Amino acid sequence: MQDLLNIQNLDISFPSDNGPEQVVKGFNLTLQPGQIIGIVGESGSGKSVSVLSLTRLISNAICRADNMSFTSEKGIELDLLNSDDADLETIRGNEISYIFQEPMTALHPLFTCGQQVVEAIVQHQSINKTKAKKKALDLLIEMQLPEPERLYKRYPHQLSGGQRQRVMIAIALANNPSILIADEPTTALDSVLQKALTQHMVESCKKRNTGLVLISHDLQLVKDFTDEIIVMYKGDIIETGSTAQVVNNPQSVYTKSLLQCQPKFTNRSTVLPTIHELADYVDGEFVAKPFNNHSFTFQKIDDAAYIEVQNISKSFPNGKTVTKALTDVSFDIHKGETLGLIGESGCGKSTLSKIIIQLLEADSGRITFQGKPANSDRKAFAKKVQMIFQDPYASLNPAMKVGDIISEPIRVHKLAQGKQAIKEKVHALLIEVGLREKDYAKYPHEFSGGQRQRVSIARALAVEPDLIICDESVSALDISVQAQILNLFNQLKVNRQLTYLFISHDLNVVSYICDRIVVMQEGKVVELSDTESLVENPKEAYTKKLLQA
Amino acid sequence: MIRFILKKIAYAILILFSVASVVFWLFSFSFPNPEDILVTDRTDEATLNAIKAELKLDQPKGEQYVAFLNDLSIVSIYAKDRVVESSHSVLFNAGSKQVVIKTPYLRRSFQTGQPTKTILADAFLGTLVLALAAMVFASIFGLFFGVLSSVKQGSWIDRGLLFVSTLGISVPSFFSAIIFSFIFGHLWGGWTGLNVVGSLYEIDPFAGKQLALHNILLPAFALGIRPLSIITQLTRNAMLDALSKDYIRTAIAKGLNRKQVYFKHALKSALNPVMTSVSGWFASLLAGAFFVEKIFNWKGIGSITIHALETSDLPIIMGSIVFIAFIFVFINFVVDILYTVLDPRIRLSA
Chain A
1 MQDLLNIQNL DISFPSDNGP EQVVKGFNLT LQPGQIIGIV GESGSGKSVS
51 VLSLTRLISN AICRADNMSF TSEKGIELDL LNSDDADLET IRGNEISYIF
101 QEPMTALHPL FTCGQQVVEA IVQHQSINKT KAKKKALDLL IEMQLPEPER
151 LYKRYPHQLS GGQRQRVMIA IALANNPSIL IADEPTTALD SVLQKALTQH
201 MVESCKKRNT GLVLISHDLQ LVKDFTDEII VMYKGDIIET GSTAQVVNNP
251 QSVYTKSLLQ CQPKFTNRST VLPTIHELAD YVDGEFVAKP FNNHSFTFQK
301 IDDAAYIEVQ NISKSFPNGK TVTKALTDVS FDIHKGETLG LIGESGCGKS
351 TLSKIIIQLL EADSGRITFQ GKPANSDRKA FAKKVQMIFQ DPYASLNPAM
401 KVGDIISEPI RVHKLAQGKQ AIKEKVHALL IEVGLREKDY AKYPHEFSGG
451 QRQRVSIARA LAVEPDLIIC DESVSALDIS VQAQILNLFN QLKVNRQLTY
501 LFISHDLNVV SYICDRIVVM QEGKVVELSD TESLVENPKE AYTKKLLQA
Chain B
1 MIRFILKKIA YAILILFSVA SVVFWLFSFS FPNPEDILVT DRTDEATLNA
51 IKAELKLDQP KGEQYVAFLN DLSIVSIYAK DRVVESSHSV LFNAGSKQVV
101 IKTPYLRRSF QTGQPTKTIL ADAFLGTLVL ALAAMVFASI FGLFFGVLSS
151 VKQGSWIDRG LLFVSTLGIS VPSFFSAIIF SFIFGHLWGG WTGLNVVGSL
201 YEIDPFAGKQ LALHNILLPA FALGIRPLSI ITQLTRNAML DALSKDYIRT
251 AIAKGLNRKQ VYFKHALKSA LNPVMTSVSG WFASLLAGAF FVEKIFNWKG
301 IGSITIHALE TSDLPIIMGS IVFIAFIFVF INFVVDILYT VLDPRIRLSA
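In order, the protein sequences belong to chains A and B. In terms of our numbering, the first sequence opens at residue 1 and continues consecutively. In terms of our numbering, the second sequence opens at residue 1 and continues consecutively.
Source of the hints: derived by calculation from the structure; they are not laboratory data. Note that the structure is predicted; figures quoted are calculated from it, not measured. Virtual Cβ for every residue (Gly too), placed ideally from N, Cα, C. Fair warning: there could be bad hints in the mix.
Claimed, not checked - Restricting the straight-line Cα-Cα distance to at most 20 Å, the calculated cross-link-like pairs of lysine to aspartate or glutamate (EDC-like) are:
| no. | chain 1 | residue 1 | chain 2 | residue 2 |
| --- | --- | --- | --- | --- |
| 1 | A | Lys-129 | A | Glu-149 |
| 2 | B | Lys-152 | A | Asp-85 |
| 3 | A | Lys-256 | A | Glu-228 |
| 4 | B | Lys-264 | A | Asp-17 |
| 5 | A | Lys-545 | A | Glu-102 |
| 6 | A | Lys-320 | A | Glu-308 |
| 7 | B | Lys-245 | A | Glu-102 |
| 8 | B | Lys-259 | A | Asp-84 |
| 9 | A | Lys-524 | A | Glu-308 |
| 10 | A | Lys-324 | A | Asp-363 |
| 11 | A | Lys-25 | A | Asp-283 |
| 12 | B | Lys-245 | A | Glu-184 |
| 13 | B | Lys-264 | A | Asp-283 |
| 14 | B | Lys-259 | A | Glu-149 |
| 15 | B | Lys-259 | A | Glu-184 |
What the hints assert, rightly or not - Derived, one-sided and incomplete: chain B residues facing chain A with beta-carbon distance under 7 Å:
| no. | residue |
| --- | --- |
| 16 | Ala-67 |
| 17 | Ala-79 |
| 18 | Asp-246 |
| 19 | Ala-253 |
| 20 | Asn-257 |
| 21 | Tyr-262 |
| 22 | His-265 |
| 23 | Lys-268 |
| 24 | Thr-340 |
| 25 | Arg-345 |
Work out the full structure: start from the sequences and follow the hints.
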């Protein structure tokens, strides 16, 4: 069969002040009609750059290749490297389509969903408006969107993340392209949606005999759908092979390490290896090194409840109607445990965490703290209960130095007197979370995502709390970095006798780190039990569905 | 949507009420005896008392305040024979009083005895035409230069436009007005055919009142320079901001060409901040361009207000302040409605 794409030895570099900076080295890819290839790698591995530059979507990238050609099924041939903008415009969205990571920002906010699909159709097909409208509507129906006629006239902000991504797929497939490139299409969605949406996308491509390139940092997701997998690291292809071979019998040390980093129920309370503990990266090659498997020893969990959540209900006015966010939610948190809170987005997890730390007031029910109402002494409560948020990029003030961010709570709660004492305390905290003393004077933008989350942890630890609420704190991180942060959480739990309320949509992470798990659905507690029985013997249908995802 | 509009109208009324109150008390303290302004050497006691009675100056300040608000209000209560506005319709009678619906009554000029409203309406036409001309000029060229600048980002065109527009922002309008008037009206007046000063209408000794549209060129240009410069820079920044968004990449990935990406996708998002600026400028120009109107002797709200200040013509001053407040409130109201049309995301949160 004729290859749709044939890329041989592609190098990509970006201009910088110190000359061109190479981000992709010797990238190869061949794709046939109907074939599904996965590209897996951490952030900065060059996986997105290599495919986005196929149609020159990254304007300042400098490409060089031995061969970079596209041949459509109809026999149209194009040298992607040397073609001009006009040629590429006829290919983009017509023969090679894209789906991007962020459904929240990838659609134009001022056009209706229908208009955006129609625009893609009329750009490449010479048909009249009525026919294009009909076609767009058919696509929305095919994407299994609810009430397609109504949705056609709605704006992106009125849709959920999953729905927006389905509209995005409709746009991408509007002209029955030869190739669909999906760049982390489901990363921003929660796990139940991830699988269903990827499944739907794969089926739609199969139906059209469209070749699919699926890019993700999540090997677990990709392995279920692809024929072939390419593993990348820092611009190099580390491993290529059939999916079965890469997952079951990985040849490269890096791929093996990546699989070992994955937190899951079976390796709970062990220290997760990180890639750099499993292998050294020398001259573009990974060399395995011995890793000593060991476990954490945690202190005993208190019998008495530290925090009691009692019959909490909360609703929000929504125009004329009222949306019930929480209905009669009750559970206890014991000192020394890690309690997991799991559910899909919109199930009320975040609302509940805000009510617990008193950022929101419940309509009814109460929170007690060591037997007393939590709102009786807010300052004492704030000193004992701290929160770490999901997005390490947005939750740190970009205008403040890291040292000032961490020392602010120390000054507010008067935990140390004098400049020198405060500085020493911050230094100790930085060391404790795995940063360096000299990071004191840096600004948040100088750190990577994982390092920023360490800063957030140091900020939370500054007041010496008993309980830390982690709201999706590792969701935005690469698998290896996620392992590091999870290890840090467990190490701090051992050293400081901490208690965690761990909120996440990722069952792998929750079942790795938690002692007990609360499953929430539509603002209600569906199931609450210890991790073993929940994973091995789930009682509720909803929990089973979550476990399968 | 209707609730949103009603809410905005309620706010508008509240703001106008506050402005009217502040204006009344401010002037009643700074001019405790306004009748003194009217008194000349020949005025006798009887005339003075008649004037006082007409303006209710013989009554306590509190009652003067109520009468002032009653005059301003659209729905007001008057004794049957004392309705101030000739064109009114009676809603219902209540004993010797009647509740009427009328246009706001702004009293009469101390100097000419003409109704304030007539004077303001006359002047407003001049201001409106001038403001419209200045803003149309500034918006069209500002958008054009802004888009050009963003498309050619970093080129000499972009840098040149940035330099010139920064200069334009820094030059005060009274300065540029004098320069333009001097150069184009005086030095090159014979060649350009423009006057140093002049209004929308000229009184010709033979032909009477005549439209003199050429007189608008210089003041409109002088007034438009700053908004033009600001709109240019704002459009440029809003375009660059829009072009960096993810949905622009989506548009390119759809296969749209550069023109479609710039004008259909980026410009649509960029228009919102630009409209805020345009409407703000338009509102403040409608309030009268005091210096420019004065320098070009253009008859408008600004020049008659300055004249009223020089002659302590209280009803005109107070009337024009309330009128200017009304213009601001009205423009903001229209812009709020326009926003919901331009940006669907605002519709829900309103």
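Quick rundown of the hints versus the structure:
1. A/Lys-129 <-> A/Glu-149: Holds, at about 16 Å.
2. B/Lys-152 <-> A/Asp-85: 17 Å, holds
3. A/Lys-256 <-> A/Glu-228: 17 Å, holds
4. B/Lys-264 <-> A/Asp-17: 34 Å, violated
5. A/Lys-545 <-> A/Glu-102: Not satisfied, since the Cα-Cα distance of roughly 25 Å exceeds 20 Å.
6. A/Lys-320 <-> A/Glu-308: Violated, because 33 Å separates the two Cα atoms, which is more than 20 Å.
7. B/Lys-245 <-> A/Glu-102: Satisfied, since the Cα-Cα distance of roughly 11 Å is no more than 20 Å.
8. B/Lys-259 <-> A/Asp-84: 16 Å, holds
9. A/Lys-524 <-> A/Glu-308: 16 Å, holds
10. A/Lys-324 <-> A/Asp-363: Holds: A/Lys-324 and A/Asp-363 sit about 11 Å apart, inside 20 Å.
11. A/Lys-25 <-> A/Asp-283: 13 Å, holds
12. B/Lys-245 <-> A/Glu-184: 18 Å, holds
13. B/Lys-264 <-> A/Asp-283: 48 Å, violated
14. B/Lys-259 <-> A/Glu-149: 31 Å, violated
15. B/Lys-259 <-> A/Glu-184: 29 Å, violated
16. Ala-67: 43 Å, violated
17. Ala-79: 46 Å, violated
18. Asp-246: 4 Å, holds
19. Ala-253: Since the shortest Cβ distance to chain A is 4 Å, the answer is holds.
20. Asn-257: Check passed: Cβ of B/Asn-257 comes within 5 Å of chain A, closer than 7 Å.
21. Tyr-262: 13 Å, violated
22. His-265: Check passed: Cβ of B/His-265 comes within 6 Å of chain A, closer than 7 Å.
23. Lys-268: Hint holds; B/Lys-268 Cβ to chain A Cβ min 5 Å, cut 7 Å.
24. Thr-340: 12 Å, violated
25. Arg-345: 5 Å, holds
The structure does not agree with the numbered hints 4, 5, 6, 13, 14, 15, 16, 17, 21 and 24 stated previously, though it agrees with the rest.
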